[in-house]
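Peer 1: So the protein sequences, as listed, match chains A and B.
Under the numbering used here, the first residue of the first sequence carries the number 14, and numbering increases by one thereafter.
Under the numbering used here, the first residue of the second sequence carries the number 230, and numbering increases by one thereafter.
Some hints here could point you the wrong way.
Stated by the list, open to error - Computed Cβ-Cβ distance ranges for the label pairs, DEER-style:
1. Thr554(B) - Ser162(A): 35 to 41 angstroms
2. Gly701(B) - Glu129(A): 36 to 42 angstroms
3. Thr160(A) - Gly478(B): 35 to 41 angstroms
What the hints assert, rightly or not - Calculated from the model, a selection of chain A residues having no Cβ within reach of chain B, i.e. all distances over 10 angstroms:
4. Arg17
5. Arg58
6. Ala70
7. Leu81
8. Glu118
9. Asp232
Just so you know, the hints here were simulated from the structure itself, not pulled from any lab data.
From the three backbone atoms N, C-alpha and C, an ideal C-beta is built for every residue, glycine too.
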Amino acid sequence: MLSRIAESLFWIGRYIERADDTARILDIYLQQILEDASVEDGACRSLFEVMGRDVPADGGPVGTREVLGQLAYDRQSSSSITGALAAARVNARSARDSVSSEMWEALNLTYLDLSEQRRRAERVGPHRFFQWVRERTSLANGVADATMSRDDSWLFLDLGRSIERVDMTARLITTRVAGGATGPTWTTLLRACGANEAYLRTYRGRVSDRTAAEFLLLDRLFPRSMFFALSRAEDRISMLDRGEEGRVGTEDAARRLLGRARTGLEFRGVDEMLSDLPGYLESIQSACADATTAIGTRYFPHAVIQWVGKGA
Amino acid sequence: MPPTVEPSPADAAALAAVSAVVNAAETSAPYRADVADLFSDYSFGRAWDEMFASPGVTRPAYDAVIKAVQALDADELKARADSLARSFLDRGVTFDVGGVESPFPTDLIPRIIEAAEWDVVSRGVSQRVKALEAFLADVYGDRRVVEDGVVPQRVLITSKYFERHAYGIEPANGVRIHVAGIDLIRDEQGKFRVLEDNVRIPSGVSYVLENRRATMQVLPELFSGVRARTVSDYPAKLLQALRKAAPRGISDPTIVLLTPGAYNAAYFEHTLLARTMGVELVEGRDLVCSNNTVRMRTTSGERRVDVIYRRVDDAFLDPVHFIPTSVLGCPGLLTAARAGNVTIANAVGNGVADDKLLYTYVPDLVRYYLNEEPLIDNVDTFRLEEPAHLAEVLDRLDELVLKPVDGSGGKGIVIGPQASKDELDELRTKVLEDPRGWIAQQVVHLSTVPTVIGDKIAPRHVDLRPFAVSDGDDVWVLPGGLTRVALPEGSLVVNSSQGGGSKDTLVLDKVRFAGDNDLTAEEPPPVEEVDTDGDGSIPAAALPAQLNMRSPDPGPLAAQDQQQQQQ
Numbered sequence: 014m015l016s017r018i019a020e021s022l023f024w025i026g027r028y029i030e031r032a033d034d035t036a037r038i039l040d041i042y043l044q045q046i047l048e049d050a051s052v053e054d055g056a057c058r059s060l061f062e063v064m065g066r067d068v069p070a071d072g073g074p075v076g077t078r079e080v081l082g083q084l085a086y087d088r089q090s091s092s093s094i095t096g097a098l099a100a101a102r103v104n105a106r107s108a109r110d111s112v113s114s115e116m117w118e119a120l121n122l123t124y125l126d127l128s129e130q131r132r133r134a135e136r137v138g139p140h141r142f143f144q145w146v147r148e149r150t151s152l153a154n155g156v157a158d159a160t161m162s163r164d165d166s167w168l169f170l171d172l173g174r175s176i177e178r179v180d181m182t183a184r185l186i187t188t189r190v191a192g193g194a195t196g197p198t199w200t201t202l203l204r205a206c207g208a209n210e211a212y213l214r215t216y217r218g219r220v221s222d223r224t225a226a227e228f229l230l231l232d233r234l235f236p237r238s239m240f241f242a243l244s245r246a247e248d249r250i251s252m253l254d255r256g257e258e259g260r261v262g263t264e265d266a267a268r269r270l271l272g273r274a275r276t277g278l279e280f281r282g283v284d285e286m287l288s289d290l291p292g293y294l295e296s297i298q299s300a301c302a303d304a305t306t307a308i309g310t311r312y313f314p315h316a317v318i319q320w321v322g323k324g325a
Numbered sequence: 230m231p232p233t234v235e236p237s238p239a240d241a242a243a244l245a246a247v248s249a250v251v252n253a254a255e256t257s258a259p260y261r262a263d264v265a266d267l268f269s270d271y272s273f274g275r276a277w278d279e280m281f282a283s284p285g286v287t288r289p290a291y292d293a294v295i296k297a298v299q300a301l302d303a304d305e306l307k308a309r310a311d312s313l314a315r316s317f318l319d320r321g322v323t324f325d326v327g328g329v330e331s332p333f334p335t336d337l338i339p340r341i342i343e344a345a346e347w348d349v350v351s352r353g354v355s356q357r358v359k360a361l362e363a364f365l366a367d368v369y370g371d372r373r374v375v376e377d378g379v380v381p382q383r384v385l386i387t388s389k390y391f392e393r394h395a396y397g398i399e400p401a402n403g404v405r406i407h408v409a410g411i412d413l414i415r416d417e418q419g420k421f422r423v424l425e426d427n428v429r430i431p432s433g434v435s436y437v438l439e440n441r442r443a444t445m446q447v448l449p450e451l452f453s454g455v456r457a458r459t460v461s462d463y464p465a466k467l468l469q470a471l472r473k474a475a476p477r478g479i480s481d482p483t484i485v486l487l488t489p490g491a492y493n494a495a496y497f498e499h500t501l502l503a504r505t506m507g508v509e510l511v512e513g514r515d516l517v518c519s520n521n522t523v524r525m526r527t528t529s530g531e532r533r534v535d536v537i538y539r540r541v542d543d544a545f546l547d548p549v550h551f552i553p554t555s556v557l558g559c560p561g562l563l564t565a566a567r568a569g570n571v572t573i574a575n576a577v578g579n580g581v582a583d584d585k586l587l588y589t590y591v592p593d594l595v596r597y598y599l600n601e602e603p604l605i606d607n608v609d610t611f612r613l614e615e616p617a618h619l620a621e622v623l624d625r626l627d628e629l630v631l632k633p634v635d636g637s638g639g640k641g642i643v644i645g646p647q648a649s650k651d652e653l654d655e656l657r658t659k660v661l662e663d664p665r666g667w668i669a670q671q672v673v674h675l676s677t678v679p680t681v682i683g684d685k686i687a688p689r690h691v692d693l694r695p696f697a698v699s700d701g702d703d704v705w706v707l708p709g710g711l712t713r714v715a716l717p718e719g720s721l722v723v724n725s726s727q728g729g730g731s732k733d734t735l736v737l738d739k740v741r742f743a744g745d746n747d748l749t750a751e752e753p754p755p756v757e758e759v760d761t762d763g764d765g766s767i768p769a770a771a772l773p774a775q776l777n778m779r780s781p782d783p784g785p786l787a788a789q790d791q792q793q794q795q796q
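Make the full structure from the sequences, and use the hints.
Peer 2: What follows is the structure, encoded as structure tokens:
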């Protein structure tokens, strides 16, 4: 398939997942602030940090308004929910022939509805907005699942989605670390991932912070655990690589990076990880960033201008 | 039929308002008061109305339309029109105006064309395309047409789109006009005439496909009452034509559609055609030329391209030969085409055949190349190069329509009767400066069709662009084509960039339902399988006469229920 289209699909996958996960993270934060207004400034500052954004620097207290303005409704930045959904739609439009019509329609309708949903959220509270975002991204994922052939275009979409999920799950867990005593509890994190019930069923009586962390980081079966998402990304990369196994290791840089991150999770116990969780999460995030660069270098080489006219 | 009741006072008023209409009705179509109300603003001018033969008398072609609309009241009409508009926006059926995506307004009420009328149109369009094809081969070949005195040499070489780079590019299957859009109008007598030819990169066919899909969804009752010819074959026909246009020796060509990109006005159309043909939609930056071949950059390296259905203008296609700063094309394309390694469809240099001055010669070209009389006439046109014509035109500027010969999209057209004195003076200067740059035509009152305006139905002027696809053996014309509507009242300009909309265009099949008594039944035409390889269709015999399908497995719960009931 065309490199340009592959790149668009990869980013559609990332943006959809980003919108979904950002909505989940913001939702738990804002609920927490509702429960205890005294933590507002601190919680919002740590949220900006977790999402890799600069804290608005006018010196005043940072609150829900700033968080919503920059992380939910900002149209210009692709790291806000609105911006990510708009970017997904722009990419789908430029890859319109490779994205199924139903998928395109799902993204287009979401985009067209954004302003209305924001207005509604301003009346009834942001929770409804986040809920709507989760529904729309689930719809886009479901439609992609049901209408796209499992060819390279699907692999690039799913690869983008998986890598973004690893990255965002790392951020989500960081909220626990960064928040300290006032941060969200592990149970809250599980809820944000829609994982709480699966977790309770799996661990039954042994509910503790340790097992909750274990579940989110290492569970082999839950699709939002970091291990699961990382393995999936690795799997997609190796499928794109056509499984050309040499005798020694692997040639593909992205596959090496993701594989190393995955084994780092898989063969280290949860206790060891908890002893330096921030360091870990950071290394996972940089593995995701480096893998993205490696994928770009290999699959999306940008056109080199080969001919320049004299009329320029 | 509902039982007749006394009309309420309000209905009676409405009835009175249209009593002329109702009394004059001689056809069987009965009016209900509220339906008549929908038409209460319907006025008749000089133009040919395609629905009403005279006030209150509908033409038989529109029986089904009247029946379907009768069932609607004003609210319903509006609701359906809104739903139609919304569905276009949701699906991204838009065109870009200055970087903003706007939906292309589509009218709820389709335009109907009778089978016999269509037969003439279709043959006439096909004839015209064949003549223009022969003309292009001649222009970029021996130029017999000049030698024999049919078209003066100067008309060719002064054409803005005459392209010397097109010399020496021999199309593999002889086709230069793979796709044509011939713009037709109906004059005051209802006669179809050609307004202009488009043989470069005609657009609009996606709206034909989308209009049909959307109209069927919002007005299903209409389609249950008529037998209309399908438009959905178009992508398959186009694909077939492009495959046949492949360079010699290539049996399974790789075809791409070259788009200027997502900000082009017709981007939606490019994506639709690429999707429905199953070919890659590429931009100039996806292509690379080397060793006289064209390749596209893919995730598994560069891949050879054999046929380029380009929707990029000549001028932007290849910076080596045309506009040197263009990034919409790919340097080297033309050289690759000249080497016979890639087919560019439509061919470069076709513009010489749709120059508006050349248009005046097309009837002669039909006679010259095909030895036939033109089936569809031109609109009467003055060639301003001829001094006598020029003098007459300058004298009658306020009665005529003047068009720049190289314009498209309705740009630069001056409609004399609607122009101010200043505009006419400016026009006079321009025409005197460059008579070759203009043609003049009589004002034709384009035919009108009923159109939803607010919650009423009113007549609006329309034209018709049928699309023809040529595969080298035959010129196929898509049944119907794009009907464009001038939405402002009285306006004669249908271009989408100037307040135009469109309509679904139904060509009635020769065979109607048994219930229709006025037509003799003919054999239904054989269903044409479009099969590009010729061996992919499933013979009917392979399917069993009767299907014995099992009902869906009800699952354990249903069985449990039964057991519980038995106990």
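Peer 1: Hints first: check each against the structure and report whether it holds.
Peer 2: Checked hints:
1. Thr554(B) - Ser162(A): 35 to 41 angstroms: holds, 39 angstroms
2. Gly701(B) - Glu129(A): 36 to 42 angstroms: Violated - the Cβ-Cβ distance for glycine 701(B) and glutamate 129(A), about 52 angstroms, lies outside 36 to 42 angstroms.
3. Thr160(A) - Gly478(B): 35 to 41 angstroms: holds, 37 angstroms
4. Arg17: violated, 6 angstroms
5. Arg58: holds, 38 angstroms
6. Ala70: holds, 33 angstroms
7. Leu81: Leucine 81(A) clear of chain B: closest Cβ-Cβ about 27 angstroms, beyond 10 angstroms.
8. Glu118: violated, 6 angstroms
9. Asp232: holds, 31 angstroms
Consistency with the previously given hints fails for numbers 2, 4, 8, ordered from lowest to highest.
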